[in-house]
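Student: Single-letter residue listing:
There are 2 protein chains.
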Amino acid sequence: MTQVKIEKSILQANEDIARELRSKFKDENITVINLISSPGAGKTTILEKTLPELSSKYKVAVIEGDVLTSRDAERIAKLQVPVVQIETKGACHLDAKMIKKALEELDLEGLDLLIIENVGNLVCPATFDLAEDAKVVILSVAEGSDKPAKYPTIFTRAKACLLNKIDLLPYSNFSLEDYYRDVKQINPKLQTFEVSAFTGEGLETFVEWLEGLVANGGQENRN
Amino acid sequence: MTQVKIEKSILQANEDIARELRSKFKDENITVINLISSPGAGKTTILEKTLPELSSKYKVAVIEGDVLTSRDAERIAKLQVPVVQIETKGACHLDAKMIKKALEELDLEGLDLLIIENVGNLVCPATFDLAEDAKVVILSVAEGSDKPAKYPTIFTRAKACLLNKIDLLPYSNFSLEDYYRDVKQINPKLQTFEVSAFTGEGLETFVEWLEGLVANGGQENRN
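Each protein sequence line maps, in turn, to chains A and B. Heads up: the first sequence runs through residues 2 to 224, numbered per my numbering. Heads up: the second sequence runs through residues 2 to 224, numbered per my numbering.
Some hints could be false.
[Claimed, not checked] As a list, the in silico BS3-like pairs of lysine-lysine whose alpha-carbon atoms are at most 30 Å apart:
| no. | chain 1 | residue 1 | chain 2 | residue 2 |
| --- | --- | --- | --- | --- |
| 1 | B | Lys185 | A | Lys90 |
| 2 | A | Lys101 | A | Lys25 |
| 3 | A | Lys90 | B | Lys190 |
| 4 | A | Lys79 | B | Lys185 |
| 5 | B | Lys9 | B | Lys27 |
| 6 | A | Lys9 | B | Lys102 |
| 7 | B | Lys25 | B | Lys58 |
| 8 | B | Lys79 | B | Lys98 |
| 9 | B | Lys90 | A | Lys160 |
| 10 | B | Lys98 | A | Lys9 |
| 11 | B | Lys9 | A | Lys101 |
| 12 | A | Lys60 | A | Lys79 |
| 13 | A | Lys90 | B | Lys160 |
| 14 | B | Lys90 | A | Lys98 |
| 15 | B | Lys9 | A | Lys90 |
| 16 | B | Lys79 | A | Lys185 |
| 17 | B | Lys90 | A | Lys9 |
| 18 | A | Lys190 | A | Lys50 |
| 19 | A | Lys25 | A | Lys79 |
| 20 | A | Lys9 | B | Lys101 |
| 21 | B | Lys60 | B | Lys50 |
| 22 | B | Lys60 | A | Lys90 |
| 23 | B | Lys27 | B | Lys190 |
| 24 | A | Lys9 | B | Lys9 |
| 25 | B | Lys9 | B | Lys190 |
| 26 | B | Lys60 | A | Lys185 |
| 27 | B | Lys9 | A | Lys98 |
| 28 | A | Lys9 | A | Lys27 |
| 29 | A | Lys90 | B | Lys90 |
| 30 | A | Lys190 | B | Lys90 |
| 31 | B | Lys160 | B | Lys185 |
| 32 | A | Lys79 | A | Lys50 |
| 33 | A | Lys101 | A | Lys160 |
| 34 | B | Lys9 | A | Lys102 |
| 35 | B | Lys102 | B | Lys9 |
Calculated directly from the structure, the hints in this document are not laboratory data.
Between the sequences and the hints, there should be enough to build the whole structure, so can you do that?
Tutor: What follows is the structure, given as structure tokens:
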């Protein structure tokens, strides 16, 4: 009971900062996405493959969340995209306070798109609002088609889901039928994409969706 | 600062129950392992493939931890192995209190080996003692060779590491060289196994290690 209360107060404190950030992002007309997945589902590789095109059209910045190391931020920095690394030192998710602090190191002037790559974890990041316009969940084929049903919170709260490593389909027992049945049941509005960050397959469709989001001030274009 | 204090007291409460459980397991001569990995690294499949042999030699029981659903427990029950499902209802890891409660539903009389399959999460389960003799971490080739350096806590605390989905090596950019360099640096005593739950490759070596653990009352046999 006490633990539930503590959790509520932590989440409430997070909501307060997230509200402040959301207002800031709106004023500055910045679209924000929050990438969430298990470790190794391909968040950073998807960024490496899509940032060159995105940054040719928009002013983009990235916030990298990791428990430890700045390996991911180094990979992004190579693409000449402004990036801030948050090392959570053990914490299993990013929170709004960390984002607020990271923003101090970014030039927000004229920024169109801010991409937050969360800590690799399919559970905890789902419940912390980072003032994003859209949570984007990434699931890898190698993780198995039962994952949406087993970790429904993030699939409920996300606006888009990338099924990555689609090139591994022939070597796995992933069932596309089960996967689509479950995600449609959990979240009928979820935009789904089949991609391979390895081969590049399907990423252009995701980039188009992102462009629609930026064009609509963070709202999805559903015409 | 307050949050750190709260975390310490939660961990302290967990330690107290874990100590009680450890004493019980010692009295009953039960070896306990705690399987930890990201979602979809292969914990349940590895159990499906090794339990038939293990349960032909020992009295084995399984505790399944999941955020939601009893899918994994149903898979284990098919093997005629006693299994208790813990649904954490959102919590990102098992704790000692949940294990204590689950034990009420198991017949501990003559039990040799208790296998706890934790919630799919490479971060939070690493810090909660479940009174196990050994944490066993499972990493899938599909997750990438940079994961031990990025999530070192579990690799530091585990006694064994299974590199699963070794059959996917030809289709991934996983570097065995980087992987072994990092795990040996993080934890020189870590027992490492290359396995494929899909093809069965390498699992017999892991079963032998487990048998050594049971034979030595939960201690590793390092002669």
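Student: Each hint should be assessed against the structure and marked as holding or not.
Tutor: Hints and how they fare:
{"no.": "1", "hint": "B:Lys185 to A:Lys90", "result": "21 Å, holds"}
{"no.": "2", "hint": "A:Lys101 to A:Lys25", "result": "10 Å, holds"}
{"no.": "3", "hint": "A:Lys90 to B:Lys190", "result": "24 Å, holds"}
{"no.": "4", "hint": "A:Lys79 to B:Lys185", "result": "28 Å, holds"}
{"no.": "5", "hint": "B:Lys9 to B:Lys27", "result": "26 Å, holds"}
{"no.": "6", "hint": "A:Lys9 to B:Lys102", "result": "25 Å, holds"}
{"no.": "7", "hint": "B:Lys25 to B:Lys58", "result": "22 Å, holds"}
{"no.": "8", "hint": "B:Lys79 to B:Lys98", "result": "27 Å, holds"}
{"no.": "9", "hint": "B:Lys90 to A:Lys160", "result": "22 Å, holds"}
{"no.": "10", "hint": "B:Lys98 to A:Lys9", "result": "21 Å, holds"}
{"no.": "11", "hint": "B:Lys9 to A:Lys101", "result": "26 Å, holds"}
{"no.": "12", "hint": "A:Lys60 to A:Lys79", "result": "16 Å, holds"}
{"no.": "13", "hint": "A:Lys90 to B:Lys160", "result": "22 Å, holds"}
{"no.": "14", "hint": "B:Lys90 to A:Lys98", "result": "26 Å, holds"}
{"no.": "15", "hint": "B:Lys9 to A:Lys90", "result": "15 Å, holds"}
{"no.": "16", "hint": "B:Lys79 to A:Lys185", "result": "28 Å, holds"}
{"no.": "17", "hint": "B:Lys90 to A:Lys9", "result": "15 Å, holds"}
{"no.": "18", "hint": "A:Lys190 to A:Lys50", "result": "26 Å, holds"}
{"no.": "19", "hint": "A:Lys25 to A:Lys79", "result": "28 Å, holds"}
{"no.": "20", "hint": "A:Lys9 to B:Lys101", "result": "26 Å, holds"}
{"no.": "21", "hint": "B:Lys60 to B:Lys50", "result": "16 Å, holds"}
{"no.": "22", "hint": "B:Lys60 to A:Lys90", "result": "40 Å, violated"}
{"no.": "23", "hint": "B:Lys27 to B:Lys190", "result": "24 Å, holds"}
{"no.": "24", "hint": "A:Lys9 to B:Lys9", "result": "18 Å, holds"}
{"no.": "25", "hint": "B:Lys9 to B:Lys190", "result": "28 Å, holds"}
{"no.": "26", "hint": "B:Lys60 to A:Lys185", "result": "41 Å, violated"}
{"no.": "27", "hint": "B:Lys9 to A:Lys98", "result": "21 Å, holds"}
{"no.": "28", "hint": "A:Lys9 to A:Lys27", "result": "26 Å, holds"}
{"no.": "29", "hint": "A:Lys90 to B:Lys90", "result": "26 Å, holds"}
{"no.": "30", "hint": "A:Lys190 to B:Lys90", "result": "23 Å, holds"}
{"no.": "31", "hint": "B:Lys160 to B:Lys185", "result": "12 Å, holds"}
{"no.": "32", "hint": "A:Lys79 to A:Lys50", "result": "12 Å, holds"}
{"no.": "33", "hint": "A:Lys101 to A:Lys160", "result": "23 Å, holds"}
{"no.": "34", "hint": "B:Lys9 to A:Lys102", "result": "25 Å, holds"}
{"no.": "35", "hint": "B:Lys102 to B:Lys9", "result": "22 Å, holds"}
When the structure is compared with the earlier hints, violations turn up for hints 22 and 26 and for no others.
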